[in-house]
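A.B. asks: What follows is the residue order along each chain.
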Amino acid sequence: MTLPETVLHPAAIIEELKKNQFTHVVWLPDSETNFLYQLLISEPSLDLVPVCREGETMAIAAGLWVGGKKPVVLIQNTGIFESGDSIRGLTLDVNQPLVLLIGYRGWSRHGITTDSAARFIEHILHAWGINYYLIETDEDAGRISVAAEEAQRLQKPVAVLVGSEFGT
Amino acid sequence: MIDNADAVRLLDSKRNGAVIVSTMTANNVRFGLPSITTDEKLDFPLTGCMGKASSIGLGIALAHPERKVMVMDGDGSLLTNLGTMVTLSNKAPQNLCHILFENGIYAVTGGQPVPGAGRADWQKMAAAAGYAATFSFGNLEDLTTGIDEVLAARGPVFMHLAIVPQIENTPLHLRQRARRNVQVAIRELPEALGSA
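Protein sequence lines, in the order shown, are assigned to chains A and B. Residues in the first sequence are numbered consecutively from 1054, following my numbering. Residues in the second sequence are numbered consecutively from 267, following my numbering.
The set of hints was computed from the structure by calculation and includes no laboratory data. Heads up, a few of these hints could be off.
[Said to hold, decoys possible] DSSO-like, lysine-lysine: derived pairs with alpha carbons at most 27 angstroms apart:
(1) Lys-1209(A) <-> Lys-1122(A)
(2) Lys-357(B) <-> Lys-1072(A)
(3) Lys-390(B) <-> Lys-1122(A)
[To be verified] Over the 12 angstroms line for every Cβ pair with chain A, so calculated as not near, a few chain B residues:
(4) Met-267
(5) Ser-301
(6) Arg-333
(7) Val-335
(8) Gly-349
(9) Gly-377
(10) Gly-382
(11) Ala-383
(12) Ala-386
(13) Trp-388
(14) Ala-399
(15) Glu-415
(16) Val-416
(17) Val-430
(18) Pro-431
(19) Ile-452
Every value quoted in this text rests on a predicted model; they were computed, and no experiment measured them. Even glycine gets a Cβ: it sits at the ideal position worked out from N, Cα and C.
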């Protein structure tokens, strides 16, 4: 019996970002993104904008969007909590069609997690009315395109929760 | 110290097609950019997201490297997002000028002192963070003399201004509102930038 592919490769993420013509990745690394980082810095179509704290990402993305660019935000779920006022006062208040790639630290398919960052994130997204999709394998990565299309169509932010560590 | 309106008026007169992102006292509807601007379609007035004016300015500067972007920031505002100074100097957009209106108080909440007022050295902080050029002015005469050098400097530029405190004590619900808010700017600025 063949086991299903259970790995999410960073190359699958990069392909989705290129396919959707994102121009900038505004980010702060989380615990699982080093493999992704190595690909990001060598991808010429994507300009990486590193920040010191996640709240900056929403405002930088707003400025890029106003300037005609198509940014994506890439941060950990803990960073979403930190970004709260920026998400409220900018992303939501100005109806920015922004895709948020969120590292789902603490995610467990078994329902038991000791990490409060995992326990709170979906509730917080619900409270803000931000729809979201979960990706765990290369096959799931296409949901980034779904999120991008939905964000543009509805003119509001849409999140993609990255539920697994990247494989090499 | 420099009167807020005088500083804004001088900067606006020198904008030469620059985008101006303004917040806090520099964005006051009575004595800030909204009542002084000569090119409001290129203004991004930020209210409701304290601390993030420089981050928005960075995004616009990266999107349009051919156009000067001026950020009129407040000291209380910048303190809530201090990491921006390193974020900004790390990406190093040459067209960005980050201007700090330091009045030492939270003007819109009644004039309470900001932490570190009178002690923190903003120009040294900016230089240590890695801005390409830093300036500081404490009077209008020196600012008028030096402004052309500031705006000609390769960025990112940081300019500190010592501003006369002007306290806003009017209850929130009675305050005059600017006609042009961030939602209007979001609609108008892309077209003004040619990126609509």
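A.B. asks: Looking back at the numbered hints, which does the structure fail to meet, lowest number first?
C.D. replies: Of the numbered hints, 3, 6, 7, 8, 19 do not hold.
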